[in-house]
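**Q** Line by line, the protein sequences give chains A and B.
Under this note's numbering, the residues of the first sequence are numbered 33 to 425, in order.
Under this note's numbering, the residues of the second sequence are numbered 4 to 171, in order.
Source of the hints: derived by calculation from the structure; they are not laboratory data.
Any given hint might turn out to be false.
Stated by the list, open to error - With the C-beta cut set under 7 Å, the calculated list includes, among others, these residues of chain A facing chain B: (1) D185; (2) E376; (3) P385; (4) R386.
Stated by the list, open to error - Some chain B residues close to chain A (C-beta under 10 Å, calculated; not the full set): (5) S33; (6) V91; (7) F157.
To be verified - The calculated lysine-lysine pairs, modelled on DSS-like cross-linking and capped at a C-alpha distance of 30 Å, are: (8) K104/B x K129/A; (9) K211/A x K104/B; (10) K160/B x K170/A; (11) K277/A x K26/B; (12) K163/B x K277/A; (13) K313/A x K129/A; (14) K73/A x K313/A; (15) K147/B x K171/B; (16) K28/B x K211/A; (17) K147/B x K277/A; (18) K411/A x K28/B.
We put the CB at the ideal spot given by N, CA and C, even for glycine.
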Amino acid sequence: MRAAFVVQRYGLEINSGAELHCRWVTEHLKKYAEVEVLTTKAADYITWKNHYDRDEETVNGIRVRRFPVTHVRNPERFGRLQESLLHREHTEADELKWLDEEGPRVPRLIDFLKSRAASYDHILFFSYRYYHSYWGVKAVPERAILVPTAERDPVIGLSIFRDLFRTPRAIVYNSLEEKQMINDLSGNEDVPGDVVGVGTIVPGRFSGEAFRRKYNVSEPYILYLGRIDENKGCPQLFDYFIRFKRDSGSGAKLVLAGTTVMQVPSHPDILYLGFLGDEEKFDALDGAEVLVMPSFYESLSMVTLEAWALGKPVLANALCDVLKGQCRRSNGGLYYENYPEFREALNLLLDSPRLCRALGENGRRYFEANYSWEVIERKYLSLFTRLDGEGAS
Amino acid sequence: MDPNKIEIDYDRVDVARIMDQIKEKMAAESANAPDAPGTPPPGPPGQESPAGSGRMRQVLLRLMSPLRPLIKLLILPVDEEYRRTFLVLDHANRRIDRLEKDRDRMSGELDRLREYTKLLHHLCHNLVVELSKLKIEEETLKTKTRVMEKDFEFLGKREKALEKEISK
Numbered sequence: 033m034r035a036a037f038v039v040q041r042y043g044l045e046i047n048s049g050a051e052l053h054c055r056w057v058t059e060h061l062k063k064y065a066e067v068e069v070l071t072t073k074a075a076d077y078i079t080w081k082n083h084y085d086r087d088e089e090t091v092n093g094i095r096v097r098r099f100p101v102t103h104v105r106n107p108e109r110f111g112r113l114q115e116s117l118l119h120r121e122h123t124e125a126d127e128l129k130w131l132d133e134e135g136p137r138v139p140r141l142i143d144f145l146k147s148r149a150a151s152y153d154h155i156l157f158f159s160y161r162y163y164h165s166y167w168g169v170k171a172v173p174e175r176a177i178l179v180p181t182a183e184r185d186p187v188i189g190l191s192i193f194r195d196l197f198r199t200p201r202a203i204v205y206n207s208l209e210e211k212q213m214i215n216d217l218s219g220n221e222d223v224p225g226d227v228v229g230v231g232t233i234v235p236g237r238f239s240g241e242a243f244r245r246k247y248n249v250s251e252p253y254i255l256y257l258g259r260i261d262e263n264k265g266c267p268q269l270f271d272y273f274i275r276f277k278r279d280s281g282s283g284a285k286l287v288l289a290g291t292t293v294m295q296v297p298s299h300p301d302i303l304y305l306g307f308l309g310d311e312e313k314f315d316a317l318d319g320a321e322v323l324v325m326p327s328f329y330e331s332l333s334m335v336t337l338e339a340w341a342l343g344k345p346v347l348a349n350a351l352c353d354v355l356k357g358q359c360r361r362s363n364g365g366l367y368y369e370n371y372p373e374f375r376e377a378l379n380l381l382l383d384s385p386r387l388c389r390a391l392g393e394n395g396r397r398y399f400e401a402n403y404s405w406e407v408i409e410r411k412y413l414s415l416f417t418r419l420d421g422e423g424a425s
Numbered sequence: 004m005d006p007n008k009i010e011i012d013y014d015r016v017d018v019a020r021i022m023d024q025i026k027e028k029m030a031a032e033s034a035n036a037p038d039a040p041g042t043p044p045p046g047p048p049g050q051e052s053p054a055g056s057g058r059m060r061q062v063l064l065r066l067m068s069p070l071r072p073l074i075k076l077l078i079l080p081v082d083e084e085y086r087r088t089f090l091v092l093d094h095a096n097r098r099i100d101r102l103e104k105d106r107d108r109m110s111g112e113l114d115r116l117r118e119y120t121k122l123l124h125h126l127c128h129n130l131v132v133e134l135s136k137l138k139i140e141e142e143t144l145k146t147k148t149r150v151m152e153k154d155f156e157f158l159g160k161r162e163k164a165l166e167k168e169i170s171k
């Protein structure tokens, strides 16, 4: 079996979101199939500027074909275009113009797919909202498997995507909520698909103690991992945490790690550590009482799964239906809709190590049953087998 | 059950139940909270406010009346309004999703019915054509029958005439 994975960026230095998701799935399916990656030469997702020189290389034993981006994105122009698209009446041609501007525009990748599609049994496209997925799925619908990694953001309502979700041979969803949303939007119930998601790679050794020593954190702390961004609900988290400290008198700290695109408030109990590598990330998780996820829009939240893999409870924003659904299905975390609920849930977690242990244990069981790599690999392989069977008949 | 106490079965933790209890506790707390802004808090028992300060208060209130909308905006729990609006919009979005789904389904059904009607129309048309052809054929056959009857009559007469000639 030959499978191609098509994604907007690919490389060891790109370690988040759909790109990491794609790399992990590719590396895990390598033992079952001949896999290769078709991607762009871009490394920066804001401008899609060509960064990699070589047309072909091997990354962790996988052949990666890179295609040049023909148009560098101008973030300001794109922002204006999107704003006007989302708030004014528009035509399908406007949406396609937006897609062109969204990029990464790689016509040679689409031409390659058209000419070489027959040499692959399955072609998997990651992230529905980019140029490569839209035109790629349209070019080879009979072999296309779409992994949308869709969040409940307004762009998903564009009419071009309704058609896109009805086009591929199959769809691999990240969560039940994502599937429901896409089914509701596009009426694509007849397109085969499964809720699969992605696993995680937990290092063999991690130590919360080492983390506490290194960063001199002796108090209990709640941890936020990820981009510190308004879109991730960080301003609300800062506000709630500062109010929580004032109201409860708790000694807990808020530890943040990740790249930042907004100002972190200066507060003695808010500790920003910058970007952490994988090992330190798991050390930080191991030492934390709770992982907090304030994001409004998530397709899956890999960091939540990582917390559960380590048996840590989660406190999530209930206005994100995926996070709330995951917490309820796993019984591995509490959630909040407003400040009083945040305060009460956090108090409950910080005051009750027994509850934290029980929630963490539930989370770990849920992770092992649904997101361990054996489960993920089995789901992908059974989808391939099913599609091969349908194709043969 | 005391709404201020959250009961947890640690052997079988049920997150939904814990969250329901938290919500109940929050509701009970807000019900017991002091009156809404605008209602003055009751003073200590046995203490009356002096008449002078009451008059001053009225003057101050009158002076501040143009700023009342701004004060209201600052005092009111706007974030709660935002949250509610967000939930209402989310609900509306879901409803729109559902309605769109229904519309698509009905549009599919409508297309099917349209095709069916077209087929029925074609069938009726073909039946009319066939019936017309049959009618014409029937007329032709009737005419032929009449001609043959006349021929037969003529032949009969001729036969009798010939028989008469022979018998002479």
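**Q** Take the C-alpha atoms of K277/A and K26/B, compute the straight-line distance between them, and say whether it is at most 30 Å.
**A** This hinted pair holds, its Cα atoms lying about 21 Å apart.
**Q** May I ask you to test the interface hint for R386/A with respect to chain B, counting a Cβ-Cβ separation under 7 Å as satisfied?
**A** Nearest chain B Cβ about 6 Å off; hint holds.
**Q** Mind checking the alpha carbons of K147/B and K277/A for me, to see if they're no more than 30 Å apart?
**A** 110 Å, violated
**Q** Within 30 Å, alpha carbon to alpha carbon, are K104/B and K129/A?
**A** Distance ~26 Å between K104/B and K129/A Cα, so the pair holds.
**Q** Do the alpha carbons of K147/B and K171/B lie within 30 Å of each other, as the hint requires?
**A** 36 Å, violated
**Q** Hey, K73/A versus K313/A, does the alpha-carbon distance stay inside 30 Å?
**A** 28 Å, holds
**Q** Should the hint that F157/B touches chain A count as held when the rule is a Cβ pair under 10 Å?
**A** 74 Å, violated
**Q** Is the hint on P385/A kept, meaning its closest Cβ partner in chain B is under 7 Å away?
**A** Nearest chain B Cβ about 11 Å off; hint violated.
**Q** Was the hint right that E376/A lines chain B, CB cutoff 7 Å?
**A** Nearest chain B Cβ about 5 Å off; hint holds.
**Q** Tell me if the straight-line CA distance from K313/A to K129/A falls inside 30 Å.
**A** 40 Å, violated
**Q** Given the proposed pairing of K160/B with K170/A, does the C-alpha separation stay at or below 30 Å?
**A** 86 Å, violated
**Q** Is the hint on V91/B kept, meaning its closest Cβ partner in chain A is under 10 Å away?
**A** With Cβ-Cβ at 13 Å, over 10 Å, it is violated.
The structure is inconsistent with the numbered hints 1, 3, 6, 7, 10, 12, 13, 15, 16, 17 and 18, although it conforms to all the rest.
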